[in-house]
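J.: The whole structure should be built from the sequences, with the hints applied where relevant.
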Amino acid sequence: MKILLLAPHPFFQNRGTPIAVRMLAETLSAAGHTIRLVTYPEGDDVQIENCTISRLPQLSWARGVKPGFSWKKLVYDVLLHREVKKILAEESFDVIHAVEESAFIAAHFGRIHMIPFVYDMDSSLSHQLGEKFFFLKPFQPLFRSLEKNLIRKAAGVIPVCRAIEELVLEYDPEALVGLLEDVSLLPPDDGSEPAEHTRLDLDEDKVYTMYVGNLESYQGIDLLLEAFVLAAEDTEKARLVIIGGADGDISSYQRRTEELGLTDRVRFVGRRPVSDLHHYLRQADILVSP
2 MKILLLAPHP
12 FFQNRGTPIA
22 VRMLAETLSA
32 AGHTIRLVTY
42 PEGDDVQIEN
52 CTISRLPQLS
62 WARGVKPGFS
72 WKKLVYDVLL
82 HREVKKILAE
92 ESFDVIHAVE
102 ESAFIAAHFG
112 RIHMIPFVYD
122 MDSSLSHQLG
132 EKFFFLKPFQ
142 PLFRSLEKNL
152 IRKAAGVIPV
162 CRAIEELVLE
172 YDPEALVGLL
182 EDVSLLPPDD
192 GSEPAEHTRL
202 DLDEDKVYTM
212 YVGNLESYQG
222 IDLLLEAFVL
232 AAEDTEKARL
242 VIIGGADGDI
252 SSYQRRTEEL
262 GLTDRVRFVG
272 RRPVSDLHHY
282 LRQADILVSP
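Residue numbering for the sequence shown follows the working numbering, beginning at 2 and increasing consecutively.
No lab work stands behind these hints: they were computed from the structure. Any given hint might turn out to be false.
What the hints assert, rightly or not - With a Cα cut of at most 25 angstroms, we get these calculated DSS-like pairs of lysine-lysine:
hint, residue 1, residue 2
1, 73, 87
2, 154, 74
3, 154, 86
4, 3, 87
5, 207, 238
6, 86, 3
7, 87, 154
8, 3, 154
9, 67, 138
10, 149, 138
11, 138, 73
12, 86, 73
13, 74, 87
14, 149, 74
15, 86, 74
16, 74, 138
Said to hold, decoys possible - Derived CB-CB ranges, DEER-like:
hint, residue 1, residue 2, range
17, 147, 227, 48 to 56 angstroms
18, 17, 72, 31 to 39 angstroms
19, 153, 3, 43 to 51 angstroms
20, 198, 153, 49 to 57 angstroms
21, 17, 223, 14 to 22 angstroms
22, 130, 203, 24 to 32 angstroms
23, 237, 217, 48 to 56 angstroms
Where a beta carbon is used, it is the ideal one built from N, C-alpha and C, also for glycine.
T.: This is the structure in structure tokens:
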């Protein structure tokens, strides 16, 4: 098949959704399909067999697109809509595979060009908007209605977790659903020691809790730090290591750490390659995902 893959985010970056999209493109390519991947201008260039990557034009005043909903994403999604219109006027495709909010674009052009679309649903957009922007809560019924309509128009929906799957079936019990949960990015544990360049030089007599991921507000890092205050009060051995996050987010949470009196207990490591992830995780006693 010839697949138009819409990825409304920077690509490639070593974080959740871009990693999933890369694995998706590689899997579809390995199965013999041809992919045209349309994405944002930011991100590292990657080579995927049978996959052509088309990037939107870079806007100097809308750089640094972060995970989650933002005005910058809205701007680029307008450009994405325009680019998809142009591409479909020149080429034909068997299916549109739309990630996150690009499903609205896929539904629109899929109807015009009679192309089925698959909704790759990493989150509930209606819930995400209501949780991030309190002033949008009164519009929650409208957002849910739009989301429900989108799911009913899709040829199939791919939820990322059981909770999203349940939401999809609540909207449309007859929906064709293929649950595709995240898979491990870790190689088999061979019992070897962490690579030298990944060693954190942790004290053997301390107990280390580790978080790995971005530091966007929806990840619950505030909750993690507040909870760690209780652990730190309970035992002097408690330590917290946080890996990942943009520089600005790290600085913000470092200030929060100081306010909570945890400066000597919490360590921010910054971004690290996914290929080294297993080396870092091995050095922790407890892994957390707030």
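J.: For every hint, state whether the structure bears it out.
T.: Taking the hints in turn, this is what the structure says about them:
no., hint, result
1, 73 - 87, "holds, 21 angstroms"
2, 154 - 74, "holds, 23 angstroms"
3, 154 - 86, "holds, 19 angstroms"
4, 3 - 87, "holds, 17 angstroms"
5, 207 - 238, "holds, 5 angstroms"
6, 86 - 3, "holds, 17 angstroms"
7, 87 - 154, "holds, 22 angstroms"
8, 3 - 154, "holds, 20 angstroms"
9, 67 - 138, "holds, 22 angstroms"
10, 149 - 138, "holds, 17 angstroms"
11, 138 - 73, "holds, 21 angstroms"
12, 86 - 73, "holds, 20 angstroms"
13, 74 - 87, "holds, 20 angstroms"
14, 149 - 74, "holds, 22 angstroms"
15, 86 - 74, "holds, 18 angstroms"
16, 74 - 138, "holds, 20 angstroms"
17, 147 - 227: 48 to 56 angstroms, "violated, 35 angstroms"
18, 17 - 72: 31 to 39 angstroms, "violated, 21 angstroms"
19, 153 - 3: 43 to 51 angstroms, "violated, 25 angstroms"
20, 198 - 153: 49 to 57 angstroms, "holds, 50 angstroms"
21, 17 - 223: 14 to 22 angstroms, "holds, 19 angstroms"
22, 130 - 203: 24 to 32 angstroms, "violated, 40 angstroms"
23, 237 - 217: 48 to 56 angstroms, "violated, 31 angstroms"
Violated hints, listed in ascending order, are 17, 18, 19, 22, 23; each of the other numbered hints is respected by the structure.
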